[in-house]
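Peer 1: Going down the list, the protein sequences come from chains S and X. For the first sequence, our numbering gives the first residue as 3, with consecutive numbering after it. For the second sequence, our numbering gives the first residue as 759, with consecutive numbering after it.
The set of hints was computed from the structure by calculation and includes no laboratory data. Some clues are possibly wrong.
Stated by the list, open to error - Short derived list, chain X residues pointing at chain S, Cβ under 7 Å:
1. V943
2. I947
3. L950
4. S1000
5. A1001
6. L1005
7. V1012
8. G1015
9. S1016
10. I1021
11. R1025
12. V1029
13. Y1030
14. F1033
15. P1040
Backbone N, C-alpha and C define an ideal beta-carbon position, used for all residues, glycine too.
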Amino acid sequence: MQIISEIVFLIKKDLLLEWRQKYAIWGILLYVVSTVFIVFISTGDIPAPVWNILFWIIILFASVNAVVKSFVQENSQRQLYYYQLAHPLAIIVSKIIYNIGLLFILCVLNYLAMTIVYESPVKRLELFWLILFLGSVGFSITFTFVSAIASKADNSSTLMAILTFPIVIPILGILMTLSANALGLITDTAYTNDIYTLLAIDGILLGLAVILFPFLWKD
Amino acid sequence: MKNNWWKILGVLLIIYALLFGVLTPLKPGLPSVYPFNGKSGERLDLTIEGYNTHFKEAKNQRVWLKLADRTMLGKALVANSNNSLKVSFDIPALLPTTDTVASLTLITNNEIDGTSILPSAVFIKQNQIDTLTAINTWANSPLESLHSYEGTAFPYRNVLGETIRNLYYHVSLWFAMFIMLTIAVVYSIKYLRNGNMNDDHRANALIAISVVYGLLGCATGSIWAKHTWGTWWTADVKLNMSAIFMLIYLAYFVLRGSFQDEIKRARLSSVYNIFAFASLIPLLFVIPRLVDSLHPGNGGNPGFGGEDLDNTMRMAFYPMIIGMTLLGLWISDLRYRLAVLRDKFLDRA
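This is chain S alone, in the form it adopts within the complex (with noise of 0.2 Å):
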C-alpha cells in the first residue's frame, strides 16, 4: 500500500514537473510533427506497407527522444533526495507508468498527423488503437529502463540510442506485423498469439526492470 501511494506520488510529481516545463512536452509533440511533415514532403503519396513502416519509425525515434530525458531531467542531487523518500520500486514503476501515458500520447498524435497529411488505411480501427497502447507499453519498459543506464554517462542520447535499438527489434516487428494486420495488408486469424508473445516480452523485461532497477540508482 505504501508502494501504491509512494507511485501515485510520483507520478503526479511528474506531472506536475512537465505541466511547469511545458517546453519538454511541446517540442516533444512539435518533434513528431515536424518529421510527419518531412516525411510527408519528401515522399509524397504512399502505399498502406510504407505507411505502416514509417508510421513505427516515427514513433520509435520520438519515443526514444521523449524518453531519454526521464532521469535527466532533474538533477542528480534532487534524484538522491527522491532516493531517500521513496522505494526503488516505486521510482521506476511511476516512470514506466508515466511514460506509457506520454508514448501513448505522442502514438495518437503521430496518428493523427499521419491521417491528417495522408489518408489513413487503417482498416480496424479499435485493433489500431489497442496496438498504440500494447507499443506504448513495451516502448515505455524497455526505453525507461535503459535510459536509466545512460543517465549514468555522459554521451546519454547516443548511447541510449544503440542500446535500445537492438532490444526493441523484437517488440517492434510484432508491433508491425499486428499493425499489418489492422492495415488489412494481412489477413491473420491467430494474432492473438502475436499479442500474448508480446505481452510476455514486456512481462520479461518489466520484471527485469524491477528486479535491476535498484543496482542502478545506488551511487
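Using the hints, position chain X against chain S.
Peer 2: Just chain X now, kept in the frame of chain S:
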C-alpha cells in the same frame, strides 16, 4: 597439470572432431538423373549421376522406380563409370495414382554402396487415369534382399553434399557462444550480489570471446548459405536476429567504454548484460519460430535432427560443442587474468 586438464581435453576434442569431421567420407548418394520427365506407356532411358558410388565395380547393381507402394525394376543397366549409370524402364500406360503427373522416387542398391534414394527423381505424365487397372497391370518387383552400406560415413543430402560437415563448425560455435553467454550472465548476477570486481572481469572476458565466436558463427553460416541457398546473406529472420544480437553485445562494449569509474562501469554493464540476455531469448528462440524461415529449425522447415543428424554425425558434433566451449573458456580465462593483472599493476602505478 591438475588444474589444466580441461584445457587439454578441449584441444583434444577439437582436434578429434576436426579430423573425424573432415576425413570421414560421405555415404554414396544420387545428385541427379537425366531426363527428369517422361510419358506413361513409353520406354524411359535414364542416366543416373552418382556421388561416391561404385556403379562400375559393383557386381550386383539394381535400380528401382517407386510410386506409392509400387516398385518397378530397371533393365539394361550399363555403367559408364563408377559415378554414371544408364538404365531403362518400361513405364506402363496407366499409373497407380490419381494425379496426372506422378513423381517417382529412384532407388539404387548394390553390395558396395548399399541403398541410395533420390526422391521426386522423375515426373511421369499419364494421359488417362484408371487407378484400379493400373494396380493390377503394374508388375511389382518388391525391394528385396537389399545390401547395406558397411563402414563409417556421414549421410548424403542432396542440397548439402559435402557441406553437411559444416554442422560441426557452424552450429557448435553458436552452441558454445550461448553456453559462454549464459556463464557471463551468472557472473554478472554474482557481481551484483557481492560486488567482487573479479566477477565483472570474468563476465567481460566471456562476452568478448562470445562475440568473436558469434562473428565466426556468422562467417561459417554465410559460407554455408552461399553453397545451399546461393547467397552470402539473405533477409532471413534468423540471420537478421543474429545480426541484432551482435549489435546488442557491441553496444555492451560501448557502454563499458563510456564510464571512467570502474565500479560504476562494472555495475551498469552487469545490469545491461542481464537485461540484454533476457531480451535475446525472444530474439533468437521465439520470433524465428513465429515466422517462416529458410534456416533449419524453425518455420516448418525441418531442422537438423530427425534423419539428417545421424549417430555418426553426433560422434563429431557433440565433442566439437564441448571442445569449442572449453577452448572459449580457456581464452576468456587468459583475458580475465590479464584484466586482473592490469588492475593490480597498471592502475595503481
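Peer 1: Any hints this thing doesn't respect? Which numbers, in order?
Peer 2: Going through the list in order, the structure violates hints 1, 2, 4, 5, 8 and 10 and respects the others.
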